[in-house]
Amino acid sequence: MKPHFLLALTLLAGSAALADTQKAESLVRDNRPADALDALQGDTSPEADFWRGRALIALGRLQEAAASLQHIPTEHRLYPYAAKGLLYCAWKSNSVDFAVIATPMVTSSNKEIATLATAALAEHWLRQPYSQDNSALERLRQLAREQPELQPVLHLLEIGNLRNRGEFEKAIEQCRLMEADRTLPLIMRQRARLALSSVYYAKEAAEKRERVTARPQKQQGSSAPVANDDQILSTYDDGKGEETLLHFISSHPDSPLLEEAFRRLHENGAFQSSEYAGVKLKEWMAEPLKSRRASLALLIQQHLQTPEGALEITPDVTYANNAAATCPHEPATRTILLEQVRWFLERGQTHEALLYLGMIQGDDVLKRFYENQLHSPDAESTARNYLSCARDASDTLRAPALTNALICALRSGDTATQEAVLNMPDITKEQHYELLLARIAYWLDKDAAKAQADIDFLRSQPAPNMQLQADLEMDQAYLQLRHAPGTTRELLQQSAVLNDNLTKLSDERQLRFFALQEEAIRRISGTEDGVDAPREAIDMIQQAAGKVRSPRVVAVLTLHLASLQSSRGQHVEALNTLHMLLRKYPKSDFAERARYMAARESEFIATPDSLKRAAELYELCASRSEELKIKAGIRHAAVLLRLGHLEDSEHILVRLMRNNPDMRPEDKVLANAVLANNKALLGTDEGRAEAIHIVGQSLTDATLPTWWRYRVLLHHATLCSRAARHEEALRDYEEVLGMKPATGESPTPADWHILYSAGSGAVMQLLYQKRYAEAAEKADQIAAWNPERAEPAKRKQFSDWAQYIRQTNFLEASDVLPF
1 MKPHFLLALT
11 LLAGSAALAD
21 TQKAESLVRD
31 NRPADALDAL
41 QGDTSPEADF
51 WRGRALIALG
61 RLQEAAASLQ
71 HIPTEHRLYP
81 YAAKGLLYCA
91 WKSNSVDFAV
101 IATPMVTSSN
111 KEIATLATAA
121 LAEHWLRQPY
131 SQDNSALERL
141 RQLAREQPEL
151 QPVLHLLEIG
161 NLRNRGEFEK
171 AIEQCRLMEA
181 DRTLPLIMRQ
191 RARLALSSVY
201 YAKEAAEKRE
211 RVTARPQKQQ
221 GSSAPVANDD
231 QILSTYDDGK
241 GEETLLHFIS
251 SHPDSPLLEE
261 AFRRLHENGA
271 FQSSEYAGVK
281 LKEWMAEPLK
291 SRRASLALLI
301 QQHLQTPEGA
311 LEITPDVTYA
321 NNAAATCPHE
331 PATRTILLEQ
341 VRWFLERGQT
351 HEALLYLGMI
361 QGDDVLKRFY
371 ENQLHSPDAE
381 STARNYLSCA
391 RDASDTLRAP
401 ALTNALICAL
411 RSGDTATQEA
421 VLNMPDITKE
431 QHYELLLARI
441 AYWLDKDAAK
451 AQADIDFLRS
461 QPAPNMQLQA
471 DLEMDQAYLQ
481 LRHAPGTTRE
491 LLQQSAVLND
501 NLTKLSDERQ
511 LRFFALQEEA
521 IRRISGTEDG
531 VDAPREAIDM
541 IQQAAGKVRS
551 PRVVAVLTLH
561 LASLQSSRGQ
571 HVEALNTLHM
581 LLRKYPKSDF
591 AERARYMAAR
601 ESEFIATPDS
611 LKRAAELYEL
621 CASRSEELKI
631 KAGIRHAAVL
641 LRLGHLEDSE
651 HILVRLMRNN
661 PDMRPEDKVL
671 ANAVLANNKA
681 LLGTDEGRAE
691 AIHIVGQSLT
701 DATLPTWWRY
711 RVLLHHATLC
721 SRAARHEEAL
731 RDYEEVLGMK
741 PATGESPTPA
751 DWHILYSAGS
761 GAVMQLLYQK
771 RYAEAAEKAD
781 QIAAWNPERA
791 EPAKRKQFSD
801 WAQYIRQTNF
811 LEASDVLPF
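For the sequence shown, the positions run 1 to 819 when the numbering used here is used.
Since the hints were derived computationally from the structure, they do not count as laboratory data.
Because the structure is a prediction, the values reported are computed rather than measured.
There's no promise every hint is true.
[To be verified] Using 25 Å as the maximum straight-line C-alpha spacing, the simulated BS3-like pairs for lysine-lysine come out as follows:
| id | residue 1 | residue 2 |
| --- | --- | --- |
| 1 | Lys92 | Lys367 |
| 2 | Lys280 | Lys203 |
| 3 | Lys170 | Lys111 |
| 4 | Lys587 | Lys282 |
| 5 | Lys208 | Lys240 |
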């Protein structure tokens with residue numbers, strides 16, 4: 001939803017019959033721009049540059065198009081058309097400096113180009129918040145005296161100038177005059193309406209600043225509180241600007257400026273903060289006969305549900321479904337559906353992605369890109385399909401298409417496609433650098449020598465920008481982690497680009513920098529991930545959270561800090577960390593995640609008051625967060641169980657499972673486990689039998705991951721043992737022990753905990769049945785587990801236990817547990 005030119009001109013109108021480039025011209029006109037580029041390879045004539053630029057514009061590769069069109073001399077007969085295209089590229093692309101492109105055109109001998117460049121440059125400078133350059137506007141005033149048809153454009157720019165100078169009443173009056181002038185085209189009167197909304201917003205912002213600056217100071221000795229900035233600003237209602245845009249959208253449901261009106265409301269936060277705007281949005285969504293407005297309203301609603309940078313948000317598919325059903329041919333519907341497809345693909349939900357991809361009308365390169373992700377049968381054909389997509393793609397899509405083509409070609413060993421990707425004739429130096437970084441990332445965990453070779457090559461080349469240089473330095477650090485973690489730490493700490501410019505890096509790069517530092521600290525200390533974090537790692541993350549500026553990076557680091565503190569048993573400290581984050585960002589998209597973690601820490605503290613607080617927080621999360629409602633609901637029921645509220649706990653679980661029949665297997669296991677404990681706590685034979693049956697149902701799920709099957713078997717065995725069904729318990733424990741190879745050659749600490757728990761349980765069941773010789777033999781077997789990897793203290797305990805059983809086999813089983 002980018003702003004449009006004020007001038008209602010067709011920037012790319014006109015054509016020239018060029019004898020040498022007839023084929024390219026024909027291909028561009030037939031909407032085959034990629035073929036046109038192929039036809040122009042090697043041709044450096046001005047005509048070729050012109051049609052190359054036109055083809056690149058059609059593909060959405062505006063930076064390359066601008067570079068091509070700049071080659072056309074001003075005296076060439078195609079220059080006027082090239083100049084229009086160049087202005088279009090500069091206006092639309094953030095990668096092209098508009099002032100640099102437009103300023104020379106202001107003095108062009110071509111009157112049309114000079115006028116167009118002057119008007120566009122005047123608007124450009126008015127959009128810059130701190131610009132004092134009015135030279136283009138003054139020149140346009142002179143031109144308007146000679147060309148009366150420029151007066152409406154000048155009036156709109158004068159309104160912007162009055163707004164910037166704070167002369168709001170004059171600007172409002174000019175807007176009213178333009179709107180009332182029936183001699184003007186409708187589109188210009190509508191632009192005046194949008195300009196009026198901008199004036200109102202600017203006026204309201206100025207009044208707020210003035211009110212804050214002039215706020216009263218607290219008198220000495222007075223106990224009356226003084227309002228802070230937020231309280232003062234909240235007393236203002238952003239009424240006029242919002243009202244103007246809402247009325248415009250209601251009155252002009254088919255206007256070409258409708259998208260612009262929605263964009264302005266969204267950027268000013270109207271739909272989040274204004275109840276009336278929210279009501280109108282829902283009203284427009286429900287009017288499919290006004291399909292353009294309805295689709296744009298649905299798109300805004302989808303954006304509100306999934307804000308950029310959201311950590312754990314599940315988009316409501318209702319909006320995509322409604323858009324596909326009621327306004328399938330609208331551009332906004334296409335955007336809604338493509339965003340839905342992307343979201344499902346990112347989470348590996350290919351079935352759902354295919355469903356929504358099939359709803360999209362027509363065909364274009366982005367749809368082909370997603371289809372390739374879902375349909376291609378093998379890596380080799382996938383690589384070729386991605387390469388085809390890259391050929392037709394816009395700037396934003398071309399990079400991922402090329403990267404995917406390269407990675408697929410690397411996987412399949414398709415050297416021809418690899419060479420084709422890296423040696424594409426129109427690839428920029430920056431794109432080539434990014435592709436080599438992608439190849440490094442592919443080799444990092446597979447072939448260190450090949451990764452190092454690419455790193456060394458890129459180190460010999462100037463980095464196109466700071467972000468990519470940071471990527472290269474972090475790749476080098478990652479490569480050294482295994483063999484020299486100390487060197488890695490030094491490299492990260494001494495890097496100028498990573499330390500001096502840290503807050504200028506993207507959020508993802510900042511987070512990777514801190515993750516590499518933490519991993520280096522763990523490796524130096526010999527601590528594995530998932531167990532007690534080294535004190536130095538906690539200190540580093542704590543300092544990092546106070547150093548960065550991005551709210552998202554602060555949130556991720558603070559949530560991680562709380563996890564590290566929790567892993568060390570510092571649950572009070574973790575809870576304080578989470579409360580600090582919630583105080584700082586109480587309504588952010590990561591607040592519910594922090595609230596859920598705070599509930600967990602309260603649960604770990606386990607005092608009666610903290611358990612009550614945990615129950616309150618879980619209930620809040622379950623009611624507010626679509627993503628966390630099942631997990632929070634299960635934990636809420638578990639905490640109520642600990643507090644003795646058996647009926648409330650069971651009611652929550654039964655309702656949760658009834659309303660969510662398709663919940664994940666892991667969630668169903670947890671829900672069944674809490675429900676089984678509920679039944680077992682009744683203390684009756686019937687309750688214990690029902691508990692065993694409930695947990696046994698989880699074991700019938702063939703899709704249950706191995707790790708979760710371990711946990712279910714141990715729970716089932718514990719319940720059987722308490723019900724004196726020792727043979728069944730023994731079978732469960734033996735099954736876990738029989739699954740030992742599934743833990744891999746290097747079991748994690750969590751794996752060892754499971755295995756030793758199962759081993760201890762198996763020995764105890766044999767003792768309960770007075771099978772002492774078998775119990776001693778089982779303890780010996782466990783003590784003999786791989787001495788290089790097993791825990792020495794546990795090996796000794798089981799060895800001592802076996803000896804103790806043999807010496808005292810005449811004792812009751814319950815008396816022979818020495819630890």
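Going through the hints against the structure:
The suggested pairing of Lys92 with Lys367 holds, with an alpha-carbon distance near 23 Å, which does not exceed 25 Å. A hinted pair counts as satisfied when its Cα atoms are at most 25 Å apart, and Lys280 with Lys203 qualifies at roughly 24 Å. Using a Cα cut-off of 25 Å, the hinted pair Lys170 and Lys111 is violated, with the two alpha carbons roughly 31 Å apart. Between Lys587 and Lys282, the direct Cα distance comes to roughly 22 Å. Compliance with the 25 Å bound is thereby established for this hinted pair.
Note on Lys208 and Lys240: the hinted pairing holds, with a Cα-Cα distance of about 14 Å set against a maximum of 25 Å.
The structure is inconsistent with hint 3 alone, although it conforms to all the rest.
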